[in-house]
Structures are given as structure tokens and as C-alpha cells.
Amino acid sequence: MRIQVKRTGGFAGIDRHASVETAGRADAQEWHDLAKQAVAAGRQTPPIGVPDGFSYQITVDGKTVYCSDPRLTEEQRKLISWVLKEGA
Amino acid sequence: MTANRGFEPTFCTIVPPHVLDTLARSDDPALAGPARRTLERDALERTHRRLTTVIGAPTLAPPEALADQPNRTIHDARHKQDLPGKKVRGEGDKPGKDATVNRAYAGLGATFDLFLKAYERNSINGEGLPLNATVHFGEDYNNAFWNGEQMVFGDGDGEIFLDFTIPVDVIGHELAHGVTQYTANLTYFGQPGALNESMSDVFGALIKQYTLGQSAADADWLIGAGLLAPRVTGKALRSMKEPGTAYDDDVLGKDPQPATMDDYVQTGRDNGGVHINSGIPNHAFYLTATALGGNAWERAGQIWYDVLTGGELDSEANFSDFANLTLAQARATYGEGEELQAVTKAWEQVGVLTA
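Chains P and X, in that order, are what the protein sequence lines are. First residue of the first sequence: 1, per the UniProt record's numbering; consecutive thereafter. First residue of the second sequence: 1, per the UniProt record's numbering; consecutive thereafter.
Hints in this document: simulated from the structure, not taken from any laboratory. There's no promise every hint is true.
Mimicking DSS-like on lysine-lysine, the simulated pairs with C-alpha atoms at most 30 Å apart in a straight line are [claimed, not checked]:
no. : chain 1 : residue 1 : chain 2 : residue 2
1   : P       : Lys36     : X       : Lys80
2   : P       : Lys85     : X       : Lys86
3   : X       : Lys254    : P       : Lys85
Which chain X residues stay away from chain P? Per the calculated CB distances, all over 10 Å, these [what the hints assert, rightly or not]:
no. : residue
4   : Ala106
5   : Glu139
6   : Pro230
7   : Pro256
8   : Asp262
9   : His275
10  : Ser320
11  : Asp321
12  : Ala328
13  : Thr333
Here's a subset of chain P near chain X, in silico, CB distances under 7 Å, partners left out [claimed, not checked]:
no. : residue
14  : Ala12
15  : Ala26
16  : Trp82
17  : Ala88
Only a predicted model underlies this, so the values are computations on that prediction, with no experimental measurement involved. Even glycine gets a Cβ: it sits at the ideal position worked out from N, Cα and C.
Same shape as in the complex, but just chain P (with noise of 0.2 Å):
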């Protein structure tokens, strides 16, 4: 499973964006879970954002969804950290 994360906006306004394969991760169930559950609470199109704040586009094996600061589910708030820290 292919999990990328898109950044953009923020005070700074620089995107940032990585990405992880799970294939042949001892942690890969872990990931699919959570992968699950941040796009199922996803929106088909980027939804109201604040000023400053950042909006993101999940896309796991090639489906994509939106969510924005403030307004993150805690599956897509840990999903999140963990691609941007985790990822390439």
C-alpha cells in the first residue's frame, strides 16, 4: 500500500509532500488501519480551511481525499505526522 501526503498552505506557505510504501514493513497492518480510517472520514474535495492554517490531500493506492487544520480526525492527524516524519 502506497500512502502519500500533500501539505499546503500554512503562515509559510510551503507545501511539503512524502510518501511510504508499507510493502514489506513489519508495521504494515498498523499503516493499513490507520490509512483506512483517515480516508474514510476524508472529503471528496478540499473542505473550509482557516487563515494561515494548513490543508492537506491523503491519497492512499491512488485514492484521494482532503481535510484541513483544525477540523482533523485523530486517524488523520497521526496518519499525517507520521508520513511527513516518516516518509520520503
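On the provided structure of chain P, position chain X as indicated by the hints.
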């Protein structure tokens, strides 16, 4: 910007925005143009819905609030993302051990002071709105934002950004989003969005200058000085004096801000480049303020403030609309003098056409 709205081919209603985003950056104008316009239109409408909802909420000052005193409350999210978090300092409470809390408290006070003393505005809404902020939001959180009701500050990750309460202009920037929300309510997309961002940079910079007692000539005109971690090659996030020169770093890339309309950036990202093209009106303000000399919050700031809050500025205003209002305001307040001349030359220099 929306003049062609009715003539757009039914190109994109089912195309996902990320595809539009890629298309919008295409070298082929036949692909890029419609995709970009669709992205702009979609985001414009979404943002518009939100902002009209947000501004509808009335806020009453608590009876104990004095007209000339701020009413500040600082909360601590304790590295979670639940707002507002635990209350850690209220108005009049003594400083505690947490420097971040103390900086936020002082920064809210500095912002309140500038608006009250320079422009006779009682808090963000002009009616004594309590000022609420949350610090230590999230873990290694590289951002600060205004959520429509309060300010939120992250600690930064220490790698790229430090604590977002460090620069007082960042605190002022977030609060100024509140002022804009309660006044012109500029739509957070495209040119009105870049104006919204520019208002926050202008008043953020003025709050810093007012606090330090700096004249326009002495000020650094930087936004976010002190925010970048030591390893980052750069001096701040934005420069009003020289847009595009604030940083040039391996990880962050190069400051993308244009100073003039010749380099205006068309993009669907960042709400249509609100943090990018704000460089143009930012530079116009800098040029006006330095041409006039003295304290920037006095004449230049007064003109900008009066336009923002005067009721004539449309929520969908573009750069030219705003520029024309600053000319009219300069004439109305100061007559046919050096103020009008400075404003006229500033917009000319950044390439924004005026009537």
C-alpha cells in the same frame, strides 16, 4: 477575475482537485488555464461560504472589560490539538514560568495597544472582543493560524521553525486576520486572499515597529524574523522591503514572493498563492511608508487601516480595487499632498494599475 465565469467549458466538474492542480501547472495553456480557473472558482466558493458563516457570529464584550484594556486569555494545548486547551493565564495574572505563554500574552497586548492607540479601535472587532490564544498546539507543529475565533501557535519542530510566538509580528499577523474578518472580510483566495494576507503582514509589521519604537527607515520590514531554526539559510519568512529574498535554503527552497505584477504567480495551491502574491501589496505599503518617513503606523498605516475598515473595500476586491481606495483615502485625509504622491508612486512601482 470572475468575468469569464459563464463561458468556461464544462471541463472539470468531475475532475479531482489534485488532477486540476497538476493540470494547472501544465506547460500547455489549453490545459492549465481552465484547470486553474476551476480550482480558483471552487476554492473561492468554498471560502466564501465559510467566511460569510464566520462573520455572522456576534461577539459581546463581557461587562467587566474596560474600553481601554485588553481582555486576554492564554490556553495551553499541551501538545495535543484540542482547542482551546487548559487556561494558563488570564488578564492581569502575573507572568508564569512558561516563556511561550508570556510572549503570547505580551504579543496580544502589543497588538491591542497599536489598534487602540494608533487607530482608536477597541480590540479586533472594535467592541472589546476578548483575545484568546492557544500555545503548544500539537507536536513539533510548524504553524500558527487564526481559526475564526482565536489564535493558535505551534512550537515549531526546532529543525526548520522555532516557536511561533517568538516574533511579535507573527502574533500581530494572526490577530489582524481577525480584524480583516470583522471588517472587509476579504475572501481567502486569489487576489482578495493575497490582500487579506498582506493586511496581516502590514499590521503585523506595524505592531513590531510600534512596540520597538522604530521609524520606517529603521525597521527591518521582515515577517517572521527569529522564527527560522539556526540551520536554515534565511533571515525570515517574508520581506516587505525586498520580497523574494527572505530565505534561500536546501530544505525550504527559495522565497517565492514577487515584488511586482510582472512576476505575479498564477497557482491553485496555497489558496491561489495568498502567501506568495501578498508580496506585491506588501511592497507597495513599504514603498509608501518609507517615502513618507517617520512612523509607518501614522500616515501610511492610517490610510491602509481606513481602507480596510472603511466599508468601501469589497470582500472580492483585487489589487487595483484596493489601490484605488488607498488613493481616494490619501486624498480625503491629507489632500493633494505628499501622501497622495507617495501612494500613487508606490502602486506604479509595483505595477498595479490605478484609475
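Evaluation of the provided hints:
no.: 1; hint: P:Lys36 to X:Lys80; verdict: 22 Å, holds
no.: 2; hint: P:Lys85 to X:Lys86; verdict: 27 Å, holds
no.: 3; hint: X:Lys254 to P:Lys85; verdict: 22 Å, holds
no.: 4; hint: Ala106; verdict: 19 Å, holds
no.: 5; hint: Glu139; verdict: 7 Å, violated
no.: 6; hint: Pro230; verdict: 17 Å, holds
no.: 7; hint: Pro256; verdict: 8 Å, violated
no.: 8; hint: Asp262; verdict: 20 Å, holds
no.: 9; hint: His275; verdict: 3 Å, violated
no.: 10; hint: Ser320; verdict: 23 Å, holds
no.: 11; hint: Asp321; verdict: 20 Å, holds
no.: 12; hint: Ala328; verdict: 27 Å, holds
no.: 13; hint: Thr333; verdict: 28 Å, holds
no.: 14; hint: Ala12; verdict: 5 Å, holds
no.: 15; hint: Ala26; verdict: 23 Å, violated
no.: 16; hint: Trp82; verdict: 11 Å, violated
no.: 17; hint: Ala88; verdict: 13 Å, violated
This entry does not satisfy hints 5, 7, 9, 15, 16 and 17, going by the numbered hints stated previously.
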